[in-house]
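Undergrad: Using the hints provided, position chain B relative to the given structure of chain A.
In order, the protein sequence lines correspond to chains A and B.
Numbered according to the numbering used here, the first sequence terminates at residue 546, and the numbering increases by one at each position without gaps.
Numbered according to the numbering used here, the second sequence terminates at residue 333, and the numbering increases by one at each position without gaps.
FYI, nobody ran anything at the bench for these hints, they're computed from the structure.
There's no promise every hint is true.
Just so you have them, the derived chain A footprint on chain B, three or more residues with Cβ under 8 Å [to be verified]:
#1 121-128
#2 165-171
#3 186-197
#4 272-281
#5 298-311
Label pairs and their computed distance ranges (CB to CB) [to be verified]:
#6 K103(B) with D295(A): 34 to 40 Å
#7 L182(B) with N298(A): 22 to 28 Å
#8 T324(B) with E142(A): 55 to 61 Å
What the simulated footprint calls covered on chain A by chain B, stretch by stretch (three residues with Cβ under 8 Å from a Cβ of chain B suffice, anywhere in the stretch; the number is not a length) [stated by the list, open to error]:
#9 144-155
#10 195-205
#11 214-227
Glycine residues also receive a C-beta, built at the ideal position from the N, C-alpha and C atoms.
The primary structure of each chain is shown beneath.
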Amino acid sequence: MKLKKIAMLGMTLALSIGALAACGSGSKGGGESQKAADSANGSGDSNEKIKIRLLTRMAGTSDIVKIYNGIIDEFKAKHPEVEIIDDSQGDESAFNNILSTDMASGKMANIYRVQGVANLQKYIDNGFLLDVTPYLEADPEWGKSFAPGALSYYSVPGKEGTYAIPMESGLIGVYYHEDILKEAGVEKFPETWDELLAAIDKLNANGVTPIALGESSNYMGGHLHDQIFYKWLGTEAAKELGNRSKKWTDPDVVQTLQYIKDLIDAKAFDPNAVGMQDDVAMTAFQNGEAAMVVTGPWMIGRFTDPEKTPVHEDIKLAKFPYFKEKPEYKNYDMQVISPYMINGKLEGKELELTIELVKMLTSKEAAKKYAEEAQFIMPIEDVDIDESKVTPLFLESMKLGATSEGIGVDVFDFDELTSMQDRTRNSIMSLFTGSSAEEAAAEIQAEIDSAK
Amino acid sequence: MIKLKTTKAKFTIFLFILPALLLYTIFQLIPIAGGIYFSFVEWDGLAGTKLTFVGFDNYISAFHNKQFILSLSNMARMVVFSVLLHTPIALLLAVAVNAKLKGYRLFKTIFFVPTVFPMTAIGLMWYFVFMPTGALNTLLTNMGLKQFAIPWLVNKATAMNTIVGVNVWAGIGYYMVIILAGLTVIPKDLYEAASIDGANPVQMFFNVTIPMLKPTLIMCIVMDIIGSVKVFDLVYAMTSGGPNGLTNLPTTLMISEAFKYSHYGVGSAIGIIIMLICLVGTVGSNTLLNRGRRVD
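Looking at chain A on its own, in the form it has when it is part of the complex:
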């Protein structure tokens, strides 16, 4: 009996210690026992694999991601001693959750991306970002290949250096079905806002949804507002909102929201747009059920694929119409600029290998492959693209993108309040559910005021 009791006590203790040991082993792979196992397998400390973790938006099954994965595989084959952990997420919300967890724990991925530039100063101060200038200078062939505008986007006021490698760029414009516009009596794509409203009337009269928009994925309304904002106020105004020298409730800013309200009143969107997801709206455009859609170059691959877009042949691209009253902002455009950022705390061999991987991902060869096989634009100059391998839509996108005199990404990109992405997009969405432009503007401004 006594023996049984002792045995049970022993088992209880073992379980407790086991639980503690399991908790204490952490993420390094099992502590001493793991090391012993490694040693037995002939992979001691000296041969321990260097881990390179990536946190990008390159996830899914698209052609773009296939090329990205191909480059990663190439790197793996070249460096079998390196373990690649790719935590990349296609979903924006999932991506943001991982990024904020990394920032809170201080365990940043080797290669990652941050949306916007307003908070970069804070990240630099915390050592999260590497100044890539020395590496760009050390390898001029690679370093000088980037479009200067895209590279300078990641220069931070008050800090010397460049804090990201741009990996994606391109005009966010209006993709439209030329034939559908012509059938409705719109012979030429509207160049001005008034012409756009007239075209919307004609399209409605012809029974076609003028603009495809799935506001349940509220970035679509956000991108539409970005277009209107830059055409009405220019790109500097976004920076002024960010540095608080301008308010969302200023009449000229409210007007940008009012223009969205005007589009809603003009029945520019599907009546169900507010509850529709982006993919549903895109499918409507791809099937020729909607005449126009505001989107970026990442959709070119799909728009030119006959299987995915039955009416792909008549799709054209144009800049968002400008306002006659503001001709000075005619070529102030929204463009996408996405980066690869490098963890500022890396050192030694790990840093060296991470830089090498970034170079592979942003080389001229990669840019050529991305362009020719996935219609994806990287901000790299003098890439020898075989024009027979790319579509006219892709070439048009490159051509139009090069004419931008002012470039802005999302308006909230210049705001250091991280809640502004949600706040602005949600308030823009509220315009679709009955709020006035003034109410939406007040709601956004209240977010800023309450954070003071």
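TA: Leaving out everything else, chain B in the frame of chain A:
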């Protein structure tokens, strides 16, 4: 009752409790303590940055936030409708199933099925039903009732109510099974005695079944209150708290504040408020339960 006479016996018991205690401390008490601590500091979510003690500012800020007030009102609606509908409907279904009419096993399974599915799957399924071009609106349109086809999860009048309705639907089977278990232990003698006294089935239901089920019903209500306060996955799958925060619950808002906006202090304060609401709900309902037992 075993009396613990010796220190050795007490030590033995302590050792047996130790594993569970350790797990509870590591995974419950320490995170709660951390949450309480973070609710009193301001931190921008960056490792290595200074944590500033701000007293109750995060709590004040939460209560000044219109979104939080809206989320509390949504939570209240969720709790009230769940309590008002879950237990009574589950009780009626349990009594019907317990009557063992023809095909009762099939109905029991049908009623219980939603409980088996993960809430996220249920959320997605109902999202596809209620989306603007979803099954419900298609059905209404095909029936010539197009005027009733509205964006259910976007419309201010219907968005939260739709989610509450789905939550009620999803939970009924669970409470039905609990009540069914309670029904099976009611002695048959009581019904026989009532029958001899001339009671009809309705009288037996109100004078035998309900009183005998009282502890079970109160337990269902307690669990329902706590469960409704903690709903997260259903809302996250159906609307993510949108449009424009219309369907936010404190749980979804907490995630947004902490992880989307890097307001860790406010997010933690909301977490602690949720915990306090659960605590008040538990203590309040336990008091009810004990009172019920004394009456019995």
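Undergrad: Each of the hints needs a verdict: does it hold here or not?
TA: Hints, verified against the model:
1. Residue count for the stretch 121-128 of chain B with a Cβ under 8 Å from a Cβ of chain A: 0. That is fewer than the three needed, and the coverage hint is violated.
2. Beta-carbon proximity to chain A at under 8 Å applies to 3 residues in the stretch 165-171 of chain B; the threshold of 3 is reached and the given coverage holds.
3. Remark: the stretch 186-197 of chain B is confirmed as covered by chain A, as 6 of its residues place a Cβ nearer than 8 Å to a Cβ of that chain, reaching the required three.
4. Residue count for the stretch 272-281 of chain B with a Cβ under 8 Å from a Cβ of chain A: 4. That meets the three needed, and the coverage hint holds.
5. Counting residues of the stretch 298-311 of chain B whose beta carbon lies closer than 8 Å to any beta carbon of chain A gives 4, which reaches the threshold of three, so the coverage claim holds.
6. Against the hinted window of 34 to 40 Å, the Cβ-Cβ separation of K103(B) and D295(A) comes to about 38 Å, which satisfies the hint.
7. Between L182(B) and N298(A) the C-beta distance comes to about 25 Å, which sits within the given range of 22 to 28 Å.
8. A hinted range of 55 to 61 Å for the beta carbons of T324(B) and E142(A) is consistent with their spacing of about 58 Å.
9. Given a C-beta distance limit of less than 8 Å, the hint that chain B covers the stretch 144-155 of chain A is violated, as 0 residues qualify and 3 are needed.
10. Under the rule that three or more residues need a Cβ within less than 8 Å of chain B, the assignment of the stretch 195-205 of chain A holds, with 6 such residues.
11. By the rule of at least three residues with a Cβ nearer than 8 Å to a Cβ of chain B, the coverage given for the stretch 214-227 of chain A holds, with 5 such residues.
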